[in-house]
Structures are given as C-alpha cells and as structure tokens.
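Based on the provided sequences and hints, a complete structural model is requested.
2 protein chains.
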Amino acid sequence: MTQDNKNNWLDDLKWDEQGLIPAIAQDEKTGKVVMFAWMNRDSLAMTIDLKRAVYWSRSRQKIWAKGEESGHIQVLKSLRVDCDKDVVLMNIEQIGGIACHTGRESCFYFELSEDNDHNKHWQAVEPVLKDPKTIYKNK
Amino acid sequence: MTQDNKNNWLDDLKWDEQGLIPAIAQDEKTGKVVMFAWMNRDSLAMTIDLKRAVYWSRSRQKIWAKGEESGHIQVLKSLRVDCDKDVVLMNIEQIGGIACHTGRESCFYFELSEDNDHNKHWQAVEPVLKDPKTIYKNK
Numbered sequence: 001m002t003q004d005n006k007n008n009w010l011d012d013l014k015w016d017e018q019g020l021i022p023a024i025a026q027d028e029k030t031g032k033v034v035m036f037a038w039m040n041r042d043s044l045a046m047t048i049d050l051k052r053a054v055y056w057s058r059s060r061q062k063i064w065a066k067g068e069e070s071g072h073i074q075v076l077k078s079l080r081v082d083c084d085k086d087v088v089l090m091n092i093e094q095i096g097g098i099a100c101h102t103g104r105e106s107c108f109y110f111e112l113s114e115d116n117d118h119n120k121h122w123q124a125v126e127p128v129l130k131d132p133k134t135i136y137k138n139k
Numbered sequence: 001m002t003q004d005n006k007n008n009w010l011d012d013l014k015w016d017e018q019g020l021i022p023a024i025a026q027d028e029k030t031g032k033v034v035m036f037a038w039m040n041r042d043s044l045a046m047t048i049d050l051k052r053a054v055y056w057s058r059s060r061q062k063i064w065a066k067g068e069e070s071g072h073i074q075v076l077k078s079l080r081v082d083c084d085k086d087v088v089l090m091n092i093e094q095i096g097g098i099a100c101h102t103g104r105e106s107c108f109y110f111e112l113s114e115d116n117d118h119n120k121h122w123q124a125v126e127p128v129l130k131d132p133k134t135i136y137k138n139k
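Sequence lines, in order, name chains H and D. Under our numbering, the residue at position 110 of the first sequence is numbered 110, and the numbers go up by one with no gaps. Under our numbering, the residue at position 41 of the second sequence is numbered 41, and the numbers go up by one with no gaps.
Among these hints, one or two may not hold up.
No copy labels: a pair is met if it fits in one copy or bridges any two.
[Claimed, not checked] List time: in silico PhoX-like cross-link candidates among lysine-lysine, alpha-carbon distance up to 20 Å:
1) Lys120 / Lys14
2) Lys77 / Lys120
3) Lys32 / Lys77
4) Lys130 / Lys32
5) Lys85 / Lys6
6) Lys29 / Lys77
7) Lys133 / Lys6
8) Lys120 / Lys51
9) Lys85 / Lys32
10) Lys85 / Lys120
11) Lys120 / Lys6
None of these hints come from the bench; they were simulated from the model. As the structure is a computational prediction, the values presented were derived from the model and not from experiment.
What follows is the structure, encoded as structure tokens:
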C-alpha cells in the first residue's frame, strides 16, 4: 500500500454539500449520549491524531477543539461510522463530567413532558453541575 | 392555555433550512446508539402520536415509518432534545433486536482500525444477525 492511500479512510466517508459529517459523542462509562455536533475533514483528522474530539463550528465557521476554553475535553476511545458512512459515533471519556456549555453532564437534558392538560412542553430534567460563569471565566 | 398552543413543543425546535432535524435512536436496554436519521415536523409529530420512530427519508423524499417493511419497529420510550433544541435523542425498544438494513443490531458497525502498516480503514465489527434478503422478502 502506498503513502497515497493513507487518507482513504477519510475519502471513504460521505461528506455533505458543506463538506461536513454529523458526529455523536457517547460517554464510555455511563453510555449517555452527551453531545452532537459537526465535523469537517480537517477536524475529523485532528480528532484521530490528537485522540480528542475536534469539531467544526458552523456558527463560527472554524475548527473547535472541544474543551479548549472549558477544559472539558472529550478523550477519544474509539470511533465508528454507520452503514452509509455518513455519521460518526465517538466513544469518549468526558473530562470534568460535563459536556454541555450549560454546565450539565449531557446536552440532551430537555425531555418532552405533558402537563395536567396534556399539553406537551420541553422540561429540563438534568441538574446543572457547575455554573457556566465559572466554567468559562478564565478565558 | 388555548388549543392554539398545543403544538408549541414543535415550534420550539430549530428546524434546518430543509425543515429537518437530526434524530438519534438509542436502545434503552443496551444503551447502544443504533441509528441516526432525519425527521421533519410531520414525522416527529407522528413519532410522538404513534409512540414509534417515524423518520423523513431524504433520498426518497417521503415519510418513513421505521419497520414498515422489516417489522423492526422502534418503540418510543422517551424523547429528548439538546441545549440548542436542534437535535432529537430517542430512547427506544428495538423490536427484533435489529436496527440496520444490513441485518445488524446497530447501524454503527464500522470501526476505525489500523493494519500492521498503520494504515487506517473501516472494519465491520458487528455480526449480521439476519440475512437482509430474508428481512425484506415479504414486501
């Protein structure tokens, strides 16, 4: 196999029209899905090289190494893709036990609930473990 | 609260420019992430009403009730969204124990692996539980 083939694993993926792929982060210890974000080719290559989750921020249009401000790094344990090779699933160790910028363990903290009149609403069901102001104050 | 408010929970979500939202299906028993697909507003409303996963097929541009051909229905146990309210996470019971059209438990069966020359490739690491030909032969 020649050197030219070394990025075949990236070429094998189906990138969307913006050159992105959805990425799911799952905590290896708790099994919880803690985050969902997007990666471009460079950020996925960095994720593998650095063994930590690196995303592409669509709002800021830049590479975003998860935890660069908060310290809440996601250490990569293993990485899979799905049958269509268009979605990434990472098995990670969540440093600090907090994935969400709101100070919660997981970003998925709004559960669909019903009130007494059977009206549905999104209810926050996970506690804030750390005040976001203290997470980001040093930057 | 008036009748007009009953779909507020759908209005609260951030739909993308195609009117879609990414949806992750996680097996409630094993904790495995078994599938990733997309929903539009109608399919999410149907998912809640029918208590089973209903997606929007981007390739076929139609509503796709998961399991309609295979019988591998995903029974909805609970549903969450993330901090940005732009991703859905479903806790499901996977009927038949097979989520993937390839006959595997999960669609996420390709793991990034290295050969002896340190070349990376995607390796199928989950067994086929049922021949896809027999899953879909009755339709």
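Now for the hints, and whether the structure bears them out:
1. Lys120 / Lys14: between (36 Å within a copy, 17 Å between copies)
2. Lys77 / Lys120: between (37 Å within a copy, 15 Å between copies)
3. Lys32 / Lys77: both (15 Å within a copy, 15 Å between copies)
4. Lys130 / Lys32: The answer is within: 18 Å in one copy meets 20 Å, while 28 Å across copies does not.
5. Lys85 / Lys6: within (18 Å within a copy, 38 Å between copies)
6. Lys29 / Lys77: Classified as within; 11 Å inside a copy, 22 Å across copies.
7. Lys133 / Lys6: Neither way: lysine 133 and lysine 6 sit 43 Å apart in one copy and 35 Å across, limit 20 Å.
8. Lys120 / Lys51: The answer is between: 14 Å across copies meets 20 Å, while 40 Å in one copy does not.
9. Lys85 / Lys32: Between copies only: 18 Å across chains, 22 Å inside a chain, cut-off 20 Å.
10. Lys85 / Lys120: For lysine 85 and lysine 120, only the inter-copy Cα distance (15 Å) is at most 20 Å; the intra-copy one is 35 Å.
11. Lys120 / Lys6: between (50 Å within a copy, 7 Å between copies)
The structure does not agree with numbered hint 7 stated previously, though it agrees with all others.
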